[in-house]
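Asks: Listed below, chain by chain, are the residues.
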Amino acid sequence: EAGVAQSPRYKIIEKRQSVAFWCNPISGHATLYWYQQILGQGPKLLIQFQNNGVVDDSQLPKDRFSAERLKGVDSTLKIQPAKLEDSAVYLCASSSAGGSEAFFGQGTRLTVV
Amino acid sequence: AQSVTQLGSHVSVSEGALVLLRCNYSSSVPPYLFWYVQYPNQGLQLLLKYTTGATLVKGINGFEAEFKKSETSFHLTKPSAHMSDAAEYFCAVNAGGTSYGKLTFGQGTILTVHP
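So the protein lines, in turn, are chains A and B.
Heads up, the first sequence is in my numbering, so the first residue is 1 and it goes up one at a time.
Heads up, the second sequence is in my numbering, so the first residue is 1 and it goes up one at a time.
The hints are simulated quantities; they were obtained by calculation from the structure and are not laboratory data.
A few of these clues could be false.
[What the hints assert, rightly or not] With a Cα cut of at most 27 Å, we get these calculated BS3-like pairs of lysine-lysine:
no.: 1; chain 1: B; residue 1: LYS102; chain 2: B; residue 2: LYS69
no.: 2; chain 1: A; residue 1: LYS44; chain 2: B; residue 2: LYS68
no.: 3; chain 1: B; residue 1: LYS102; chain 2: A; residue 2: LYS44
no.: 4; chain 1: A; residue 1: LYS71; chain 2: B; residue 2: LYS102
Just so you know, these numbers come straight off a predicted model, no measurement behind them.
Only chain B is shown next, with the shape it has when bound in the complex (with noise of 0.2 Å):
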């Protein structure tokens, strides 16, 4: 079974500041990591996925995310936040080799960022 957990439902940056979204899952079996985007009344869109090779994975948008086993985290990152990053963010586990939209989801971090 997998499980995830978002650190922080709301998260405030102002423009040009780092932007940091945590996340922790939990996995009895060795993961895919993935970050997903949802602007208001949108679907979800892919941002970034962690599946095996290099642990810090770069996505759209210039965010990136860096698996650590040890941490059991998969936090997502951008340097400088713009406002067009305003939107809710999901970080999702599914069990490695599986299909890759059986997923199970965060909470969500609502990111909002101030002029």
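Just chain A, same shape as in the assembly (with noise of 0.2 Å):
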């Protein structure tokens, strides 16, 4: 079984551009997630899609951090304008409706210069 699959691997913008990741979770799995994990720290969940809705985004920063999941299947973050302190890895994963555990890929290091 393939599993969570991000793109691309590292990521250097200059402050100011935009950047954008892909995510595509394991075949099936309709919940996705994206965590933000900076240096030093845990991963702390910026959004939770169901499908394609989404379920909560409570601690994404909407001014210039969105996400879709159009078909319910892959899902696109993308962040506009980068800040400095955006610079962290950010992980994708997925979860079954039925299953017992979410499956992580291997996340995008963006780096923020």
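Using the hints, build the complex out of the two chains.
Replies: Shown next as structure tokens:
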């Protein structure tokens, strides 16, 4: 079974630029999560999707971050404009409706300079 | 609301020694508790979880953890450390009954294993 796929693995951008990350969850997984992991901290949930609907985006900085999951499969997370403090690893995870575990991708490491 | 505190950001042990990583949680509802491991430049891998039932749970790679409600703790142990156990470990909690991936994580503990 293929795992959660994320791309790119690494991205370096200048502040005020925009960036997008892509996630392909495990086939059939209805729930998808985006986490932000700042160096030295645990991951923090940004947004949770159930199929193509948002379940929880209470911790998403909506003035600069956006996310979508148009067909209930792949998802993109966008930052516009980026700030230095957005430097982090962005992790995508997915779980099935009746599952007992969330599976994480390898993450995208973003550096904002 | 839930929160997790991991005591000790760095733990160092000798190969073959006991591993003990501490985790305390706060939750307003019965919690589900998790331990994840993260190797460098990798995502998170589930080691074990507690949902309901037996309070001593066994996971992969010889790890186990015990849910102690009275102490609000979920410490991770392994009787004998191996070099391959060197990684960062995260304790996480969610509100029981909610999506398994909707997690609040601790800040992590880096485990170093010396030969």
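Asks: Which hints from the list above does the structure break, by number from lowest to highest?
Replies: Failing hints: none at all.
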